[in-house]
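Number of protein chains: 2
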Amino acid sequence: MKTEERKLAEGILLTDEYQLTMAQLYFRMGLHEKLVQFDHFFRSYPDYGLHQAGYCINAGLEWLLDWMQTAHCRLEDIRFLRKQTGRTGQRVFSDDFLEWLEQNGNFEGISMQAIPEGRVVHPNVPLTVVQGPLAMAQILETSLLNHLNYQTLIATKAARIHDSGRGQLMLEFGLRRAHDLGANAGARAALIGGADFSSNVGISHVLGFPPKGTHAHSMVQLFIALDGSELDAFQAYADVYPDDCLLLVDTIDTLESGVPNAIKVFEQLRRKGHEPVGIRLDSGDLAYLSIQAAKMLDQAGFPDTSIVLSNNLDELVIWQILTQIQQEAPRYDVDPEHLINRLVYGVGTRLIVSWGEPALGGVYKLVAVCDEGKWLPAIKISETPAKTPNPGHKRVWRLYDHRGNATADLLSEDDEDPRKMECIRLRHPTRPTQYRELPRESVSEFELLLVEVLDQGKLVYELPTIEEMRDRRLTDVDRLDPGVRRLMNPHIYHVSLTERLWQHKQSLVKEALGQANKDVESVV
Amino acid sequence: MKTEERKLAEGILLTDEYQLTMAQLYFRMGLHEKLVQFDHFFRSYPDYGLHQAGYCINAGLEWLLDWMQTAHCRLEDIRFLRKQTGRTGQRVFSDDFLEWLEQNGNFEGISMQAIPEGRVVHPNVPLTVVQGPLAMAQILETSLLNHLNYQTLIATKAARIHDSGRGQLMLEFGLRRAHDLGANAGARAALIGGADFSSNVGISHVLGFPPKGTHAHSMVQLFIALDGSELDAFQAYADVYPDDCLLLVDTIDTLESGVPNAIKVFEQLRRKGHEPVGIRLDSGDLAYLSIQAAKMLDQAGFPDTSIVLSNNLDELVIWQILTQIQQEAPRYDVDPEHLINRLVYGVGTRLIVSWGEPALGGVYKLVAVCDEGKWLPAIKISETPAKTPNPGHKRVWRLYDHRGNATADLLSEDDEDPRKMECIRLRHPTRPTQYRELPRESVSEFELLLVEVLDQGKLVYELPTIEEMRDRRLTDVDRLDPGVRRLMNPHIYHVSLTERLWQHKQSLVKEALGQANKDVESVV
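Chains G and F, in that order, are what the protein sequence lines are.
Under our numbering, the first residue of the first sequence is numbered 2, with each subsequent residue one higher.
Under our numbering, the first residue of the second sequence is numbered 2, with each subsequent residue one higher.
Bear in mind the hints are in silico, worked out from the structure with no lab data behind them.
No experiment lies behind these values; they were computed from the predicted model shown.
Take the hints with a grain of salt, since some may be wrong.
Copies of one chain are not kept apart here, so a pair can be met inside one copy or by any two copies together.
[Said to hold, decoys possible] Computed list of lysine to any residue pairs in SDA-like fashion (alpha-carbon distance at most 20 Å, straight line): (1) 3 x 66; (2) 3 x 459; (3) 296 x 452; (4) 8 x 70; (5) 8 x 76; (6) 265 x 480; (7) 3 x 466.
Isolated chain G (complex conformation) (with noise of 0.2 Å):
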């Protein structure tokens, strides 16, 4: 794409068209400039198939922010939508409505509230909360979208890998197979949500991380075809960076002649003054070969010396790859411990498109209208019920036990008060029968999960650096029950409604019904 495309593909025209024709019918109606307010929440977990997140990490909100300052309406833009015409060759956007749009397509109206990125975050919890003028609301559904959705699936699976992985270093390597520029969305959230570094030179710089990486088979077949070695090759790299010295072992036989040859390397660097950084093991068993590896590293002298794996990497791959070393490294005189503790995690593919489950459904519903100064709930009615959003204003609390564990998120309406209520039912979302009840002092902690964070366009918040984000989830992961961190079918964190909120729901799904019944009557 050009440079000028790139404008108008980037730009406030990053929507779904029906956005647009919603848009120009609430004009027409008069109703575009009526404060609404639509809540963003997803409505499960990634299931990757065989295993399942309990649990996901809140990410995006910064670079939607970013978006959402530079994008309105060009000229350019106008142009285009002019040019549109519908099945009879009639335009689509009337002139009327392209002037409104000109002068107000941007979202100063817009006001937001967000729960940090970071965070541990549970389904049907409102993650984004966006008051405005319905066109603009309207119109800001989809990127707004785009940028939460996959930078929490990436933050999520990120996590999860890390968990797996014991907390040793993890380096993202997902730019080659990331789907075109979403790479860089991805290596953001990966170090959120996970990674220590990637290799992703660019967003690296841009992010304040420096990128990571030493180099790939090529230059061993490079010296290989000119007549030289794998040796030669090793030869060369430590002779430019003596310091940074880490080798890719498996181009030609990783235990017969990539390993060998770099601890040869490695005992030239030591004579010189320099320690060797490690190995890559990019191919084949690496449970077994990282044994093999390692004792030859001990037995050389080396015993210190990272061992980078990568090679479609996961969270059950890691997962499988500690479990195997355990039971085999004692056979061969290698210490289990010590080796995990000397693996690094090179991870591209699977983390960068969340292999198994690549996107998340992330939503933005329609839940209040503000109708001459008065705040009216939305309801939408599916026919599966878990579907139906939570109307009206209201406040996240997440509730901690007496570990200090999260137990539940509780929505409540918005002048409720949960920390003032003797008893707190917790009801289940959706089903009836289902609630528990929790006396005020079982609870440790109430804590309020929303922040503002735009007060009309005006951003009222400090965004928090990549380093306190991470400790946020640091702090937020730990605090769950070791079973919502398990990596297969994870315990279900409760997330639950206030009774009030509650029976406010089902008495606006009941009136919606009974209007449904009333329209199809008048049609009959």
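Starting from the structure of chain G, add chain F where the hints point.
Frame of chain G, contents of chain F only:
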């Protein structure tokens, strides 16, 4: 991300760190301007789990070329590289290398051959062949793969969905679930591969397609919240878009409310001289609901309105819906073929992320090096023989049989011409005992697939339009054996080597293994 940051993250530094560390090593060794050849290819078709692709659709080239023509080393890029330090605090990149990079950090020296976009392609066939100076050809790797892997993945998925939907109109709806800005590349690839239109406004305008969309559930909700009804919402829509009236009927209850209300509005429209477009179903049992909706529309005198289906569609879901319609429709006196011919598919998440296989494993491998004017083949041995690339300069031939169907893709050495062989031996790329022999006269056509694209950085190729790519795709898919097009367990299309290329590859592997053993002996 801010605008200035995006220039950093999406320009020449959209690459992996190891490309730069290798480039500096080559610079240090005086190898950086040595002419080399890299081949880009993928190793296997997408395997979606329950179903598998038997062919891919090539896509992404034009946007890669756009990127190559603008990406170059700017002072700002150099500034970041200069700041980067290694493990012991020393700078990673030295001034002389950075000076060279500032002058030469562009793709003006790159020549490229490629298979055009929209063509059917198969594993292990070079899709893109890059020749150029080593350092820059190496730096190109990551961005090339990033640009080509994703679009080919999505064009392939789109072709399958299009095929499954029997060529009925198909709309790309995935922006909100796409991987950040990858959405735009995905929409383009979908349009090449099988989608007729996209809901994504910006990219549709860039590519010259009218974006498609009507209204969401939120519009109906809004009217209800303001004390109106679904019917009011539909009437408002019909008033504003009388000639493009397509109504989403599942906000309340599809058959009890949505369809009857839509029919009422359609009747009003017709009385005013407008023909309604149709309805959209977005939840529930889409096969059953489309049968019932069709019956109601037929009875009301609207037998030709479209029925748009959406909600997690993919090739298998569509196949299932069509099968169910064929079995179930006659029971309700609905003609299944007539119903199927009025269906339109809105395909979102599962297309834009290639659900089931969200990444294509395209690779970029060094296959030849020019030393003192002589090209030498390069080889990489792998413990998995299928991962050993085919060395040296090659030509790619597509052979057609007497029915005009493609029967094999054949890789030959650069100076071989299978048209001159009496009997063509097609060698399996890895299995020594597996080959077949084709008499010259059984081949109706030999087609060379690679075309010249760049000559020393200069575009020497007339870029086809998306319409031309689509025509190309339709022709190519038509010329596939039906078994190869099958959604599940497709026939394996043959990709073969000529006898000479095969023998050459074997001797290089042996030589490299001999070299490896020699190295190890000298270590021990």
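Evaluation of the provided hints:
1. Taking the closest pair of Cα atoms, residue 3 and residue 66 come within 20 Å of each other only across two copies (10 Å); inside a single copy the shortest separation is 25 Å, beyond that limit.
2. Taking the closest pair of Cα atoms, residue 3 and residue 459 come within 20 Å of each other only across two copies (16 Å); inside a single copy the shortest separation is 32 Å, beyond that limit.
3. Taking the shortest alpha-carbon separations for residue 296 and residue 452, neither the intra-copy value of 52 Å nor the inter-copy value of 50 Å comes in at or below 20 Å.
4. For the identical chains of this complex, residue 8 and residue 70 are neighbours both inside a copy (14 Å) and across copies (17 Å), given an alpha-carbon limit of 20 Å.
5. Within a single copy, residue 8 and residue 76 get their C-alpha atoms as close as 12 Å, which meets the 20 Å cut-off; across copies the closest is 23 Å, which misses it.
6. Taking the closest pair of Cα atoms, residue 265 and residue 480 never come within 20 Å of each other, the shortest separation being 47 Å inside a single copy and 55 Å across copies.
7. Proximity of residue 3 and residue 466 under a CA criterion of 20 Å is satisfied inter-copy only: 15 Å between copies versus 32 Å inside one chain copy.
Going through the hint list in order, the structure does not satisfy hints 3 and 6.
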